[in-house]
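Asks: Chains as they are written, first to last, in full-length UniProt numbering: chain A, 1 to 240; chain B, 1 to 332.
A few of these clues could be false.
[To be verified] Here are the simulated SDA-like pairs of lysine to any residue, each with C-alpha atoms no more than 25 angstroms apart in a straight line: (1) A:Lys51 to B:Ile153; (2) A:Lys51 to B:Ala169; (3) A:Lys51 to B:Thr234; (4) A:Lys51 to A:Arg126; (5) A:Lys51 to A:Ser80; (6) A:Lys51 to A:Arg195; (7) A:Lys51 to A:Ala8; (8) A:Lys51 to B:Arg232; (9) A:Lys51 to B:Ile208; (10) A:Lys51 to B:Gly144; (11) A:Lys51 to A:Ala166; (12) A:Lys51 to B:Leu311; (13) A:Lys51 to A:Ala150; (14) A:Lys51 to B:Gly46; (15) A:Lys51 to B:Arg85; (16) A:Lys51 to A:Gly68; (17) A:Lys51 to A:Pro218; (18) A:Lys51 to A:Arg31; (19) A:Lys51 to A:Phe225; (20) A:Lys51 to B:Ala29; (21) A:Lys51 to B:Val305; (22) A:Lys51 to B:Leu138; (23) A:Lys51 to B:Phe84; (24) A:Lys51 to B:Val167; (25) A:Lys51 to A:Glu34; (26) A:Lys51 to B:Val316; (27) A:Lys51 to A:Gly102; (28) A:Lys51 to B:Asp223; (29) A:Lys51 to B:Ala12; (30) A:Lys51 to B:Ser178; (31) A:Lys51 to A:Pro41; (32) A:Lys51 to A:Pro67; (33) A:Lys51 to A:Asp27; (34) A:Lys51 to B:Gly230; (35) A:Lys51 to A:Pro32; (36) A:Lys51 to A:Arg198; (37) A:Lys51 to A:Leu28.
[Unchecked claim] Partner residues aside, some chain B positions facing chain A, computed with beta carbon under 10 angstroms: (38) Ala169; (39) Ala170; (40) Leu210.
Just so you know, the hints here were simulated from the structure itself, not pulled from any lab data. From the three backbone atoms N, C-alpha and C, an ideal C-beta is built for every residue, glycine too.
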Amino acid sequence: MSGLVLEALVAGRVARGGADFRLPPLDLAARPGEVIALIGPNGAGKTTLLKTVAGLIPPLAGRVSRPGPVAYLPPPGAVSAGFSALHLAALGRAGRRRWSPGLAPEDIEAARAALARLEVADLADRPFDRLSSGQQQLVLIARLFVQDAAVCLLDEPLALLDPAHAQAVEAAIRALAAEGRIVLASSHHLPFAARADRVLAIGPDWIEAAAPAHALSPDRVRALFGVETPGCPCCGQALS
Amino acid sequence: MDPLTRQRGPAASLVLALLALAGAATVLATGPLAAPPEALIAALFGEGPPEAELALALRGPRLLAAMTCGAALAGAGAGFQILFRNPLASPDLLGVTSGAGFGAALALLLGAGVFLTQSAAFAGGLHAGALAVACAALTRSGDGRLALILCGIVVGALATAGLGVVVIAAEPYSQLPSITWWLLGSFTRATGAEAVLALAPVALGAAILLALGFRLDVLSLGDEQARSLGLRATPLRLLALAAAALMTSAAVAVAGVVGWIGLLAPHAARRVVGERAGALIPASMAVGALFALLIDRLSTAFGPVEIPVGLLSAAVGAPAFLILFVVTSRRA
Chain A
1 MSGLVLEALV
11 AGRVARGGAD
21 FRLPPLDLAA
31 RPGEVIALIG
41 PNGAGKTTLL
51 KTVAGLIPPL
61 AGRVSRPGPV
71 AYLPPPGAVS
81 AGFSALHLAA
91 LGRAGRRRWS
101 PGLAPEDIEA
111 ARAALARLEV
121 ADLADRPFDR
131 LSSGQQQLVL
141 IARLFVQDAA
151 VCLLDEPLAL
161 LDPAHAQAVE
171 AAIRALAAEG
181 RIVLASSHHL
191 PFAARADRVL
201 AIGPDWIEAA
211 APAHALSPDR
221 VRALFGVETP
231 GCPCCGQALS
Chain B
1 MDPLTRQRGP
11 AASLVLALLA
21 LAGAATVLAT
31 GPLAAPPEAL
41 IAALFGEGPP
51 EAELALALRG
61 PRLLAAMTCG
71 AALAGAGAGF
81 QILFRNPLAS
91 PDLLGVTSGA
101 GFGAALALLL
111 GAGVFLTQSA
121 AFAGGLHAGA
131 LAVACAALTR
141 SGDGRLALIL
151 CGIVVGALAT
161 AGLGVVVIAA
171 EPYSQLPSIT
181 WWLLGSFTRA
191 TGAEAVLALA
201 PVALGAAILL
211 ALGFRLDVLS
221 LGDEQARSLG
231 LRATPLRLLA
241 LAAAALMTSA
251 AVAVAGVVGW
261 IGLLAPHAAR
271 RVVGERAGAL
281 IPASMAVGAL
291 FALLIDRLST
301 AFGPVEIPVG
311 LLSAAVGAPA
321 FLILFVVTSR
331 RA
């Protein structure tokens, strides 16, 4: 598996009347197995960048070369489905079943295994809509294992989660990467960024990929969010 | 939903389908020209007693038409509810029913016969659906589903306005009653040939929806998720919409405007088999066939005057829907 390469990629949206939203050009080469945290203030363009890398929005300029299928996961609470968590996880194989009207038994087994791996096997038969945000997020990450995409793009995977679920989700993200997938996850939870392999920061008019120690230093965080940080601005925890 | 839901999908659909068939046999075995079930089965293969063959020839087409239309409306309703992830979605979502009503009324105004009227209804329904989809394609809203719903309302309103013009222009003593009667819905008109003609588009639409299977579940998550899961969301959604519109148009062309089946049957079926499209669509079709059968039987049950099916469907369907809704919401 080769890496994900962005060449002078300009993500953004064109609006009528010249009020375009465009991010500065970005060059990035992500290696398989790498977890990259995407940080930046609300409205900076994190979701736009993720969707552009996913191919859901066309880039305004530049190129994305993807090593394989790319999966995009919206923030917790954005996916709603009345059927069971097991079926939702099994739908990760939807792209592989070209002609059959149903999923294959091995798809269901793969989903069951993925749920068990993230220790949510007991949720398999519950309707997805009835689960908590944290449980839903774990089920959706289980679907990423089932889907086996080379690149996993996660939009705010830790939003709305309590500390225990946040820990479980972060461990699951790490497990995704440990099998050679590239994970790009946006988050406002800076300790998560501190534990990532690299941090991609989107400022008002700049975009920069760096090691966590540099990207999360007090002056960089001030430049990004405009706050002084002896620790994490969201939870007070010490950064890098 | 309990852990059994996953396994009991196909079995439950089969049981519901058998129930609908048993309902059909019961209807033929009671009422005018009643014949016992075994005589009817023999008559199906051309070896029954003459009275059973007569019952089959005279009442069979109407029965077939009722069940086909019920299944079509329910299947299309279930398809729309899944695609739009909206429990209020019904077969006339894209303005198909109003378009078909307008087409039929226009044909009646121009003095067309039964077959031409039904063809006009079929064409009107499909055109309305296509127009709604085309209008929605012009918009640039993020998730196309809202645009489709709004465009369906617009097209439906236009067709209803056109229908109003036709009603005003119609000759009040000769044409108006037939238009009104058509709009209220009935299975009386169905001959054997028409029932079989309606069966073809309904079977095609149902086959498409059933073949889409789990892809409908993926589409219900939204286009973005569908594309992220490796499906070509836009063509698949168009295919599903076309299938549902085809089924609705065929049903309305034969039976006129029969509401509520498409809303009620999927909700009832959902209580039994859960939300998965692969289970919900066949189960809904079976429930719809059964409901249409009962409604049709009721329509002739009160003396010599036949009550329009559309009226009965609303009179029975609306309270049944309310009860179902109350029971479901209290259990949740």
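Asks: Is the straight-line distance between the alpha-carbon of Lys51 of chain A and that of Val305 of chain B 25 angstroms or less?
Replies: violated (62 angstroms)
Asks: For Lys51 of chain A and Phe84 of chain B, compute the direct alpha-carbon distance and say whether it is at most 25 angstroms.
Replies: holds (23 angstroms)
Asks: Taking 25 angstroms as the top limit, are the C-alpha atoms of Lys51 of chain A and Ala150 of chain A close enough?
Replies: The hint holds at about 15 angstroms.
Asks: CA of Lys51 of chain A to CA of Pro67 of chain A, is that 25 angstroms or under?
Replies: At roughly 16 angstroms apart (the allowed maximum being 25 angstroms), Pro67 of chain A and Lys51 of chain A satisfy the hint.
Asks: Given the hint that Lys51 of chain A pairs with Leu138 of chain B, does the C-alpha gap stay at or below 25 angstroms?
Replies: holds (23 angstroms)
Asks: For the pair we were handed, Lys51 of chain A and Ala29 of chain B, check the Cα-Cα distance against 25 angstroms.
Replies: Between Lys51 of chain A and Ala29 of chain B the Cα gap is close to 61 angstroms, so the pair fails against 25 angstroms, i.e. violated.
Asks: Given the hinted pair Lys51 of chain A and Asp27 of chain A, is their alpha-carbon gap at most 25 angstroms?
Replies: holds (16 angstroms)
Asks: So if I understand the rule, the pair passes when the alpha-carbon distance is 25 angstroms or less; does Lys51 of chain A with Asp223 of chain B pass?
Replies: Judged against 25 angstroms, a Cα distance of about 13 angstroms means the pair holds.
Asks: Below or equal to 25 angstroms on CA atoms is what counts here, so check Lys51 of chain A against Ile208 of chain B.
Replies: Distance of about 31 angstroms is beyond 25 angstroms: violated.
Asks: For the pair supplied as a hint, Lys51 of chain A and Leu28 of chain A, is the alpha-carbon distance within the 25 angstroms limit?
Replies: It holds: about 16 angstroms lies between the C-alpha atoms, which stays within 25 angstroms.
Asks: Next pair to validate is Lys51 of chain A with Thr234 of chain B; report whether the Cα-Cα distance is within 25 angstroms.
Replies: holds (17 angstroms)
Asks: Next pair to validate is Lys51 of chain A with Pro32 of chain A; report whether the Cα-Cα distance is within 25 angstroms.
Replies: holds (19 angstroms)
In the structure shown, a violation is registered for the earlier hints numbered 1, 2, 4, 9, 12, 14, 17, 20, 21, 24, 26, 27, 29, 30, 38 and 39, in ascending order.
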